[in-house]
Amino acid sequence: MGRRSVEMDLAEGTSVTGLLALHRSFGKAAVWDSIAVAVNQEYARAEDVLKDGDEVALLPPVSGGCGVRNEYAG
Amino acid sequence: MLVEITDAVIPAAEIVAEIKAGPDGAVCVFDGMVRDNSRGRKTLYLDYEAYREMALEEMRGLAGEAVTKFGVRDVALVHRLGRLQVGETSVLVVVASAHRGAAFDACRWLIDTLKKTVPIWKKEQFVDGAVWADGEPFPGGIGLPKALEAKAQSADGKPFPSEIGLPEAPDESGNENGRALLDNPPFAKNAEDGAPGSVRSGRPGAGK
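Heads up: the protein sequence lines correspond to chains E and G, in order. Per this note's numbering, the very first residue in the first sequence carries number 16; after that it's consecutive. Per this note's numbering, the very first residue in the second sequence carries number 41; after that it's consecutive.
Among the hints, erroneous ones may be present.
Each computed DSS-like pair below joins lysine-lysine, with the alpha-carbon atoms no more than 25 Å apart [unchecked claim]:
hint: 1; chain 1: G; residue 1: 109; chain 2: E; residue 2: 43
hint: 2; chain 1: G; residue 1: 82; chain 2: G; residue 2: 163
hint: 3; chain 1: G; residue 1: 60; chain 2: G; residue 2: 109
hint: 4; chain 1: G; residue 1: 156; chain 2: G; residue 2: 109
hint: 5; chain 1: E; residue 1: 43; chain 2: G; residue 2: 156
Pairwise CB distance ranges, derived in the manner of DEER restraints [claimed, not checked]:
hint: 6; chain 1: G; residue 1: 138; chain 2: E; residue 2: 67; range: 28 to 38 Å
hint: 7; chain 1: G; residue 1: 46; chain 2: E; residue 2: 66; range: 30 to 40 Å
hint: 8; chain 1: E; residue 1: 48; chain 2: G; residue 2: 65; range: 44 to 54 Å
hint: 9; chain 1: G; residue 1: 61; chain 2: E; residue 2: 28; range: 48 to 58 Å
hint: 10; chain 1: E; residue 1: 18; chain 2: G; residue 2: 181; range: 49 to 59 Å
No lab work stands behind these hints, which were simulated from the structure alone. Glycine residues also receive a C-beta, built at the ideal position from the N, C-alpha and C atoms.
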């Protein structure tokens, strides 16, 4: 989405799913289908409800360690 | 347990030497290095980034879980960030245990799980271009079910005004795999504009 962080006002009771649904039109669909969401630095579930001050991170598939996907290297 | 995310060279030999203790019959070491090629292309270097605090917390969780799950005595888990050259260690997993079986199993489980769940990313710089590595699909329980996302809307169903919505990502970024979210490095180590890669929610009207 081209930004590192942004503050948002959300309706009371908005869930993780609701937040994502609002932004699915940005970028490519495949990106949205592959991300995970963290709320306050812990992996969140789709139905989790956001509250004031929550920090939400959209995480692409991770690639730490070494080698590439489906490959054991090092 | 030694669990660290570092910007410096990982002192692998020292960490292995320090973990050894009397009750141990085996120390299993996985030293993950930067390879000089990837999918047929020559690699110049790799740039690693993390959602740092969460990554460290996840790594601490994995180290603790390994001890419980495999009954090993101690674990060291260190990941390096920043630019790494070919041959350098990006991740070090060390497991000390009374017996080799548990040490091997825990070591393998730690690196495999880290690669799937710890929020760290790498950009591969080749002679002829750069690409963010595809990454591993999130395991069940971490990724979000697609069907739920497609149907969802905000609680009152009203669209947000444009000044609140997120800016549209540019279509073409020059990134070879075209992953819009990754057009910019996902997270900076020292982002000044709040937590990296994040949005903050607030009640309507709260912050105005």
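Hint check results:
1. 109/G x 43/E: Since the Cα atoms of residue 109/G and residue 43/E sit roughly 39 Å apart, the hinted pair is violated (cutoff 25 Å).
2. 82/G x 163/G: OK: residue 82/G and residue 163/G at ~14 Å, within 25 Å.
3. 60/G x 109/G: Between residue 60/G and residue 109/G the Cα gap is close to 20 Å, so the pair holds against 25 Å.
4. 156/G x 109/G: 18 Å, holds
5. 43/E x 156/G: 22 Å, holds
6. 138/G x 67/E: 28 to 38 Å: Given a distance of about 50 Å, which is not inside 28 to 38 Å, the answer is violated.
7. 46/G x 66/E: 30 to 40 Å: Given about 34 Å between the Cβ atoms, the range holds.
8. 48/E x 65/G: 44 to 54 Å: 46 Å, holds
9. 61/G x 28/E: 48 to 58 Å: For residue 61/G and residue 28/E the Cβ distance comes to about 52 Å; the hint holds.
10. 18/E x 181/G: 49 to 59 Å: The hint (49 to 59 Å, Cβ to Cβ) is violated, given that residue 18/E and residue 181/G are roughly 28 Å apart.
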